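> Starting from the given sequences, assemble the full structure and let the hints guide the process.
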Amino acid sequence: MQCAPGEISTLLLQHLGDGSCQTLDQLDAALPLTRRQISDGAATLIRRDYLDRIELGCYCLTPAGIAASERGEQITSGPKGPLTCKSRRKWRSTFRQRAWTAMRMSGSFSVSELVIAASKDDKRPEINLLDYLRALSRFGYVTALPALRNGLRKNSKSGKRFRLVKDTGPVAPEWRARSAAMWDHNLDQLVEEVPCVR
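Going by the numbering used here, the sequence shown opens with residue 69, and the numbers climb by one from there.
Heads up, none of these hints are tricks.
Below, computed lysine to aspartate or glutamate pairings styled on DMTMM-like, alpha-carbon distance capped at 20 Å: (1) K234 to E261; (2) K228 to D199; (3) K191 to E242; (4) K234 to D252; (5) K234 to D256; (6) K234 to E260; (7) K191 to E181; (8) K228 to E181; (9) K234 to D199; (10) K228 to E194.
Calculated directly from the structure, the hints in this document are not laboratory data.
Just so we're clear, the structure is a prediction, and the values are computed from it rather than from any experiment.
Laid out in structure tokens, this is it:
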């Protein structure tokens, strides 16, 4: 018998609604289902605490199962309770998000290496990235590495290397310039500024 999701469990729930205990053989003879379908439907009811397995192959409804049968409850596929987690919105593919992803994949990186993640529509990606790195550094996400190569100017931004030291997850922390605050979507909270250590 071809059944919709939850239909087998509902059929089993209604059949055992009188409170009787029945074996797999009895259920197989009484219902138009295969033994496998009966077993799968019983497993669904057991997960919902509607059915007890008295012994191997012998099933009986719990008081909650009898109440559900009397209510005429329809078993459906999916979660059995209310959705308790917050919904995740799809994050936009911004330049800072792409740069954050590149930072997470790299051991160390320079501005010129991250600017490659810019699209043709991004305006002034170097300046945008430098502002973002400055903010990430202020809040302890990124640290500047000491210069290892000779021949670079001391204040050159393109040759300076950075390392991501606080990787909180896949979503880029959001720098809110107006309030001078960093919101971390992965932690779902504002991040405290790290005091400067010299």
